[in-house]
Amino acid sequence: MLYIRFEAAEADEHGRRTGIFGLANGLARSGALSPEDWTWWRSNNDWLDDAYPDPGKADPMLFDKSVHPHATCWFKDTAVHLLDRVPGYLALLERYKVSWREVRSTVPGVVLYEDADQIVVTPSVTARTSSVVEGVARPIVAEELTAA
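Going left to right, the sequence shown walks through residues 190 to 337 as our numbering numbers them.
These are computed hints drawn from the structure, not numbers from a lab. Don't take each hint at face value.
[To be verified] Computed Cβ-Cβ distance ranges for the label pairs, DEER-style:
no. : residue 1 : residue 2 : range
1   : Ser313    : His203    : 12 to 20 angstroms
2   : Asn214    : Ser255    : 17 to 25 angstroms
3   : Arg218    : Lys254    : 17 to 25 angstroms
4   : Ser223    : Val256    : 34 to 42 angstroms
5   : Trp236    : Glu202    : 31 to 39 angstroms
6   : Met190    : Ser219    : 31 to 39 angstroms
7   : Val256    : Asn214    : 16 to 24 angstroms
8   : Pro276    : Asp235    : 13 to 21 angstroms
9   : Asp266    : Gly211    : 16 to 24 angstroms
From the three backbone atoms N, C-alpha and C, an ideal C-beta is built for every residue, glycine too.
Build the full structure now, drawing on both the sequences and the hints.
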């Protein structure tokens, strides 16, 4: 299984990289979005909220930074119906000059939660990621992971 994550190109002061939905939500909360972009964001967030489970509702401690300070969500590559929404979020971030990267891995970390579409992990020493080029990562393909 290949796992895919879209996140901030730069880590914050705690070494965490916010995911693209968190980045888009931050733009909306700050009032930075145009009315058209806010309407698009709200509509797509509502669709996504209905399309798959919120891991934080299954386990309220999952995203508690004192328990799992580096927990991250990753799409399964089979979650095509969700991945189809990602380009719109990436375009939104690019319009507002928010840098992001795409990371692909077969071993993104220790699994804390899993459902049909996603996993939530905490990093491990065996996790493999890709390098960032101009704010967008060059995805590692499965063959490169098995050859490493």
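Quick rundown of the hints versus the structure:
1. Ser313 x His203: 12 to 20 angstroms: holds, 18 angstroms
2. Asn214 x Ser255: 17 to 25 angstroms: holds, 22 angstroms
3. Arg218 x Lys254: 17 to 25 angstroms: Because 18 angstroms falls inside the window, the suggested range holds.
4. Ser223 x Val256: 34 to 42 angstroms: Once the Cβ atoms are compared, 37 angstroms apart, the range 34 to 42 angstroms for Val256 and Ser223 holds.
5. Trp236 x Glu202: 31 to 39 angstroms: This hint holds: roughly 33 angstroms between Cβ atoms.
6. Met190 x Ser219: 31 to 39 angstroms: This hint holds: roughly 35 angstroms between Cβ atoms.
7. Val256 x Asn214: 16 to 24 angstroms: The hinted range 16 to 24 angstroms holds for Val256 and Asn214, with Cβ atoms some 22 angstroms apart.
8. Pro276 x Asp235: 13 to 21 angstroms: Distance hint for Pro276, Asp235 holds at roughly 18 angstroms.
9. Asp266 x Gly211: 16 to 24 angstroms: With Cβ atoms ~21 angstroms apart, the hint holds.
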